[in-house]
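Sequences and hints are given; from them, build the entire structure.
Number of protein chains: 2
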Amino acid sequence: MEKQTITIYDVAREANVSMATVSRVVNGNPNVKPATRKKVLEVIERLDYRPNAVARGLASKKTTTVGVIIPDVTNMFFSSLARGIDDVATMYKYNIILANSDENNQKEVSVLSTLLAKQVDGLIFMGHELTDSIRAEFSRSKTPVVLAGSIDPDEQVGSVNIDYVAAVEEATHQLLESGNKRVALATGSLTHPINGQFRLKGYKQALEKASVAYDESLIFENEPSYQAGLALFGKLQKVGATAVIAGDDELAVGILDGALDKGVKVPDDFEIITSNNTKLTEMTRPQLTSIDQPLYDIGAVAMRLLTKMMNKEEIEEKTVMLGFDILKRGSTK
Amino acid sequence: MEKQTITIYDVAREANVSMATVSRVVNGNPNVKPATRKKVLEVIERLDYRPNAVARGLASKKTTTVGVIIPDVTNMFFSSLARGIDDVATMYKYNIILANSDENNQKEVSVLSTLLAKQVDGLIFMGHELTDSIRAEFSRSKTPVVLAGSIDPDEQVGSVNIDYVAAVEEATHQLLESGNKRVALATGSLTHPINGQFRLKGYKQALEKASVAYDESLIFENEPSYQAGLALFGKLQKVGATAVIAGDDELAVGILDGALDKGVKVPDDFEIITSNNTKLTEMTRPQLTSIDQPLYDIGAVAMRLLTKMMNKEEIEEKTVMLGFDILKRGSTK
DNA sequence: AAAATTCAGTAAAACGCTTGCATTGCCTTT
DNA sequence: AAAGGCAATGCAAGCGTTTTACTGAATTTT
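Just so you know, the protein sequences line up as chains H and F, in that order. Residue numbers are given in the working numbering: position 38 of the first sequence equals residue 38, and the series is strictly consecutive. Residue numbers are given in the working numbering: position 299 of the second sequence equals residue 299, and the series is strictly consecutive.
What the hints contain is simulated information worked out from the structure, not anything from laboratory work. The structure displayed is predicted, hence computed values, not measured ones.
Straight-line C-alpha distance at most 25 angstroms; calculated DMTMM-like pairs for lysine to aspartate or glutamate:
#, chain 1, residue 1, chain 2, residue 2
1, H, 107, F, 42
2, F, 204, F, 216
3, F, 279, H, 223
4, H, 181, H, 216
5, F, 201, F, 152
6, H, 235, H, 268
7, H, 33, H, 45
8, H, 279, H, 163
9, H, 333, F, 261
10, H, 142, H, 154
11, H, 312, H, 87
12, H, 262, F, 268
13, F, 279, H, 221
14, H, 279, F, 102
15, F, 238, F, 215
16, F, 93, H, 137
17, F, 333, H, 261
18, H, 235, H, 215
19, H, 279, F, 221
20, H, 142, F, 10
21, F, 265, H, 268
22, H, 262, H, 221
23, H, 279, F, 282
24, H, 238, H, 221
25, H, 61, H, 313
26, H, 61, F, 45
27, F, 279, H, 282
28, H, 107, F, 121
29, F, 93, H, 72
30, H, 279, F, 72
31, H, 265, F, 282
32, F, 62, H, 48
33, F, 265, H, 282
Rendered as structure tokens:
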């Protein structure tokens with residue numbers, strides 16, 4: 001018994017109506033007499049008909065699918081965003097094609113290209129840098145794009161973020177306030193605007209307000225990994241830092257463990273504020289004080305924004321900035 | 001200047017060949033004279049032509065897209081599998097539609113249905129239970145399916161796992177060996193075969209070999225969350241357990257922190273072995289001894305298996321079992 | 001009661017591509 | 001030199017929908 005794909009045509013024949021009518025009932029078009037609708041629905045049920053989304057996509061030029069480019073699903077920061085994205089997508093009947101990029105420009109471009117070939121209705125991009133080649137791909141198509149947890153200094157496309165300048169300024173301020181003379185800043189590459197422009201700016205502003213001189217040797221560029229953090233602590237000690245602001249939670253946990261492993265007391269002898277408030281921050285002892293970014297919400301809002309764009313609705317502001325907090329826990333005094 | 005979608009037809013016209021020929025060069029069909037190929041390629045380049053994958057999918061009945069159903073991307077266990085899946089998928093030119101199910105049967109069924117409507121070429125399913133309704137959806141279509149890190153006791157579909165019985169037996173054995181009289185088992189719901197059938201079986205086997213009586217009060221069903229673990233530790237103390245095997249790493253971290261918070265020494269007064277060896281296990285102090293499942297590989301192998309199925313290649317064994325280890329760290333003596 | 005309007009439904013043309021089959025040259029064979 | 005074979009290409013029929021334009025019938029308006 002070969003399984004025969006059954007089409008809209010079969011349904012039409014069985015129900016004694018035209019394909020168009022079947023299409024209307026499937027799509028909830030009101031121009032169908034209730035009796036007809038019922039009849040068609042019965043046939044659909046009986047035949048176990050399931051509309052072919054590919055054919056639909058070709059005819060309607062809509063795939064109800066959005067592409068999501070993520071550096072690494074395995075990183076809690078991004079997976080939290082992704083979860084928010086998916087939930088809202090589902091809510092609006094979209095599906096998500098998820099692609100890992102490792103922040104590798106070549107992969108990003110190539111994956112972007114195949115997503116566009118697949119005719120996604122929209123794109124959500126995560127990653128710390130928006131290179132020119134990516135930007136070029138974006139503008140090459142008219143597919144709407146939203147950045148989630150990522151910054152476009154030029155504000156060409158939509159984006160959802162928190163105010164990184166203010167957040168880091170506040171965190172630095174707190175660390176300075178509690179008596180630290182040498183507060184280090186450990187982020188990813190400074191070539192990424194979020195680090196080199198925003199976080200660094202907030203950091204400097206706080207120093208300035210406290211009349212503390214800026215010392216470049218307190219700035220560290222790292223991979224956002226536990227191992228990197230572990231190794232970093234030694235360097236922090238070497239430059240005489242007594243506190244650090246970490247741009248990534250895994251990194252922060254690494255720093256914490258690095259300190260603990262050397263018998264350094266946190267927060268008594270060393271303070272840490274991290275940036276993403278992922279689950280990790282609660283799991284350590286002491287727990288990590290963190291900038292509280294609403295990760296899930298950033299993803300959710302980004303996707304919501306994208307739905308509006310795909311719908312060609314009026315957008316009041318395509319760069320949205322969500323609020324943040326500093327969540328005090330055990331890694332600061 | 002409206003952006004006009006440019007089609008294979010435009011390329012054909014500009015290159016003075018038929019659509020068929022263009023299609024052939026795009027698809028790498030060898031039956032094209034090098035000179036013609038070159039000419040077509042040039043036009044493609046000049047016109048910036050990008051084949052429409054939806055149309056392709058309709059015509060060829062292949063979408064080069066696979067559906068991935070995951071309980072929650074935010075859970076490291078699953079995101080690690082997902083990463084393996086995506087990498088191999090990319091390697092074989094597939095994309096992944098990722099959908100979170102929360103292990104909720106209704107969501108699973110509904111998402112499965114929309115994935116099939118989207119004509120995915122294959123499916124990877126993660127989740128601890130394969131309900132009848134899901135199984136029914138599976139067999140309703142002829143789309144190949146592989147379970148990753150999940151068990152189908154009936155072996156109807158492909159699956160990639162480790163030998164959970166042996167793993168838990170070994171873990172239990174070690175805990176018994178080091179002098180624990182009362183070893184607890186903390187997993188998710190026992191209605192899930194992986195827990196109720198496999199892990200429990202391994203646990204019992206170890207007890208039996210050590211001539212220790214089985215005591216039901218040492219078995220705990222929990223959510224795989226940090227909070228649940230935190231709360232669980234009290235209960236473990238109450239029943240006099242001095243060691244536990246946790247089915248989930250977040251749960252294990254919770255238990256560990258629960259112990260630490262009460263001043264109980266790990267591993268001296270309480271031992272813990274967890275199950276998934278995610279990054280988390282390295283981040284705690286002490287670090288967690290764990291069953292070492294090759295998470296990434298499970299995903300990768302599952303996807304590889306799926307590619308074979310989609311290719312209709314001969315499959316030697318559709319239930320594959322990967323090796324495991326017990327990685328000794330600080331949470332056991 | 002004729003005209004205008006709305007409602008239900010039909011037919012058929014896209015949508016952009018793949019692919020089986022047919023065709024055309026151009027070489028080899030004999 | 002006729003016949004056969006093969007490589008390269010073209011033709012056109014799908015693939016399963018949506019959607020536009022249209023038609024009749026039913027209903028309302030005047």
